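Q: Please model the entire structure based on the sequences and the hints provided.
Now for the letters of each chain:
Number of protein chains: 2
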Amino acid sequence: MAEITESGLVEVFDRVQALVHKTPVLTSRLLDEMAGSTLFFKCENFQRMGAFKMRGATNAVQRLSKEQLKKGVLTHSSGNFAQALSLAAKQAGAKAYIVMPDSAPMVKRSAVRSYGGEIILCESTIEARERKCRQIEIETGATFIHPSDNLDVIYGNATATIELLQEQPDLEIVITPVGGGGLIAGTALAVHFFGKSCITIGAEPAIADDAYRSFISGKIETNVNVNGNQTVADGLRTNLGKHNFPIIRKYVNQIIRVEEAEILSALRLIYERLKIVVEPSSAVALAAVLNSPQVFKGKKTGVILSGGNIDLREILKRF
Amino acid sequence: MAEITESGLVEVFDRVQALVHKTPVLTSRLLDEMAGSTLFFKCENFQRMGAFKMRGATNAVQRLSKEQLKKGVLTHSSGNFAQALSLAAKQAGAKAYIVMPDSAPMVKRSAVRSYGGEIILCESTIEARERKCRQIEIETGATFIHPSDNLDVIYGNATATIELLQEQPDLEIVITPVGGGGLIAGTALAVHFFGKSCITIGAEPAIADDAYRSFISGKIETNVNVNGNQTVADGLRTNLGKHNFPIIRKYVNQIIRVEEAEILSALRLIYERLKIVVEPSSAVALAAVLNSPQVFKGKKTGVILSGGNIDLREILKRF
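Each protein sequence line maps, in turn, to chains R and U.
Counting with my numbering, you get residues 1 to 319 for the letters of the first sequence.
Counting with my numbering, you get residues 1 to 319 for the letters of the second sequence.
It is worth saying that the hints were derived from the structure and are not from the lab.
Please read all numbers here as calculations on a predicted model, not as lab measurements.
One or more of the hints may lead you astray.
In this list, chains with the same sequence are indistinguishable; a pair is considered to hold if it fits within one copy or across any two.
Said to hold, decoys possible - Here are the simulated DSSO-like cross-link-like pairs (lysine-lysine), alpha carbons at most 30 Å apart as the crow flies:
| no. | residue 1 | residue 2 |
| --- | --- | --- |
| 1 | K66 | K317 |
| 2 | K300 | K90 |
| 3 | K132 | K242 |
| 4 | K90 | K299 |
| 5 | K108 | K95 |
| 6 | K108 | K317 |
| 7 | K297 | K90 |
| 8 | K22 | K300 |
| 9 | K299 | K22 |
A: Here it is in structure tokens:
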């Protein structure tokens with residue numbers, strides 16, 4: 001697939017914007033003082049179904065032919081993309097098959113069902129998941145859409161930053177969390193085509209720093225789970241993919257790692273100061289801004305708050 | 001003091017609106033389904049300093065003469081009004097004296113100081129507090145402004161509902177939490193003058209139902225703290241006052257009581273569904289909507305979310 005052009009991204013934006021929310025941009029004098037920077041928080045927690053994933057899922061579904069839509073769409077996800085694809089398919093009148101590990105919590109399953117997705121459970125291994133997906137593809141003819149390593153998904157994700165740059169054209173940095181790579185790749189493309197003199201920075205938990213290591217080694221690295229010590233930013237435990245990694249290498253300036261305590265501290269600042277509820281993954285970006293003042297000092301910085309789907313009791317246990 | 005007129009309230013609105021935020025109104029399909037009603041949440045958690053109190057404080061300070069402003073303003077509060085009066089005084093170039101019990105947490109004290117208020121500590125009894133206020137009044141000539149039982153404060157508070165009715169003129173009910181009575185009295189006046197066919201309802205914790213009992217008995221009742229069992233809605237532990245009670249009796253339709261478990265459940269819904277952070281006191285209004293479907297069914301209902309100043313760790317302990 002040839003690399004997308006500026007006008008290609010404008011087409012994506014026109015296609016997606018009618019079907020998703022234009023999310024608000026919040027500011028905070030106190031957080032600006034703490035950061036020594038001027039921060040613009042793009043609040044994808046207020047997006048439909050609660051996360052930026054709605055943008056990529058919408059674009060990917062809308063790109064399908066009538067014939068393809070008749071056979072439905074398929075993904076594997078126990079997180080936001082499962083809900084996003086279910087809702088995007090529903091609004092296109094298509095069926096969504098969602099492969100989920102049988103360990104997925106009931107609250108995630110019922111969210112997917114509430115958006116009309118059909119859940120197919122499988123064992124909690126990558127092999128079982130891929131086998132199940134292939135099986136469904138063969139049986140139904142549904143189109144498989146990867147949560148983060150699909151170009152249409154990446155381009156759809158870019159629309160959050162296109163909106164942000166329309167509102168704040170002079171941004172000098174845009175920072176996003178890095179999980180599977182779909183958000184930062186889309187963000188970097190939007191910054192490349194629509195920013196003036198702007199760079200893209202990624203933020204990642206130090207104990208799940210696969211993207212940081214991939215960025216240095218030049219090949220896709222994976223996370224090694226040491227002693228079952230998992231990051232609170234559960235959306236960021238996944239690895240980069242072959243479609244988004246080249247975009248990230250080409251257009252992302254650097255990736256900053258943050259400690260777990262920094263994530264929780266940033267999360268608390270967002271709750272108490274911005275008065276909004278975000279996922280721990282979203283707080284990773286603010287944590288990076290606060291732990292690297294030398295990078296952000298005096299800069300107009302866009303911070304993508306990726307989503308707000310949480311189980312309050314789970315979050316509160318960490319404090 | 002003669003009762004305010006419609007044009008009097010318009011004057012208040014014109015005075016206050018330039019100095020406070022016009023706060024957003026949020027909606028949620030899921031919460032509408034749960035309530036069987038169409039809900040419009042007026043988000044005073046996004047107000048300056050984080051609560052509706054900024055409106056009343058601003059109006060009261062702006063009504064003072066230059067002579068009065070020179071001598072400063074004075075209140076007793078360990079909560080939002082302490083911060084609101086400090087900030088409202090600061091923007092009028094006046095000094096604010098804030099009498100606080102010596103038991104007030106450091107986080108509240110430093111918030112007041114950050115807005116320029118001067119804190120005077122006293123023992124944690126009503127007598128000590130009033131003695132200290134009188135002493136400062138005599139020493140400084142500062143004007144005492146009560147947090148909830150002052151007509152200018154009440155009129156200022158009305159501006160939240162005036163804004164809401166400008167955006168949603170067809171509201172049939174507006175519901176607010178009831179603490180000291182300053183918010184619901186202002187709300188009821190706004191509904192009376194600017195609503196079409198709209199009523200005002202109050203919501204109160206069952207274990208601090210002084211307003212409910214006052215409404216029935218026709219005189220101001222106080223809360224009896226049984227076994228130290230205090231409501232999580234800490235902003236609602238205060239009693240009504242002689243200025244707001246007559247307005248409440250005249251213009252409020254009813255007061256609904258809610259249990260502590262209902263408050264926490266509504267709080268969680270606001271966090272998880274609206275994705276915003278509010279104080280437990282704000283959740284009392286939604287809790288009442290959900291526990292009394294017979295009152296709200298099919299009605300367009302405005303819900304005033306009074307504020308968002310919380311200590312996340314304090315909230316955590318309750319879940």
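Q: Work down the list of hints and note, for each, if the structure agrees.
A: Hints and how they fare:
1. With identical chains, the CA atoms of K66 and K317 are never at most 30 Å apart, being 46 Å at best within one copy and 51 Å at best between copies.
2. Proximity of K300 to K90 under the C-alpha cut-off of 30 Å is restricted to the inter-copy arrangement: shortest distance 28 Å between copies versus 38 Å within a copy.
3. Taking identical chains as interchangeable, the C-alpha atoms of K132 and K242 lie at most 30 Å apart only when both belong to the same chain, with a minimum of 21 Å there against 70 Å between chains.
4. In this homomeric assembly, K90 and K299 come within 30 Å of each other (Cα to Cα) only across copies, at 29 Å, whereas the closest approach inside a single copy is 41 Å.
5. Taking CA atoms no more than 30 Å apart as the test, K108 paired with K95 passes inside one copy only; the shortest distance there is 18 Å, against 52 Å between copies.
6. Taking the shortest alpha-carbon separations for K108 and K317, both the intra-copy value of 19 Å and the inter-copy value of 24 Å come in at or below 30 Å.
7. In this assembly of identical chains, the alpha carbons of K297 and K90 lie at most 30 Å apart only when taken from different copies (29 Å versus 44 Å within one copy).
8. Both within a single protomer and between protomers do K22 and K300 lie at most 30 Å apart by alpha-carbon distance, with minima of 21 Å and 25 Å respectively.
9. In this assembly of identical chains, the alpha carbons of K299 and K22 lie at most 30 Å apart whether taken from the same copy (24 Å) or from different copies (28 Å).
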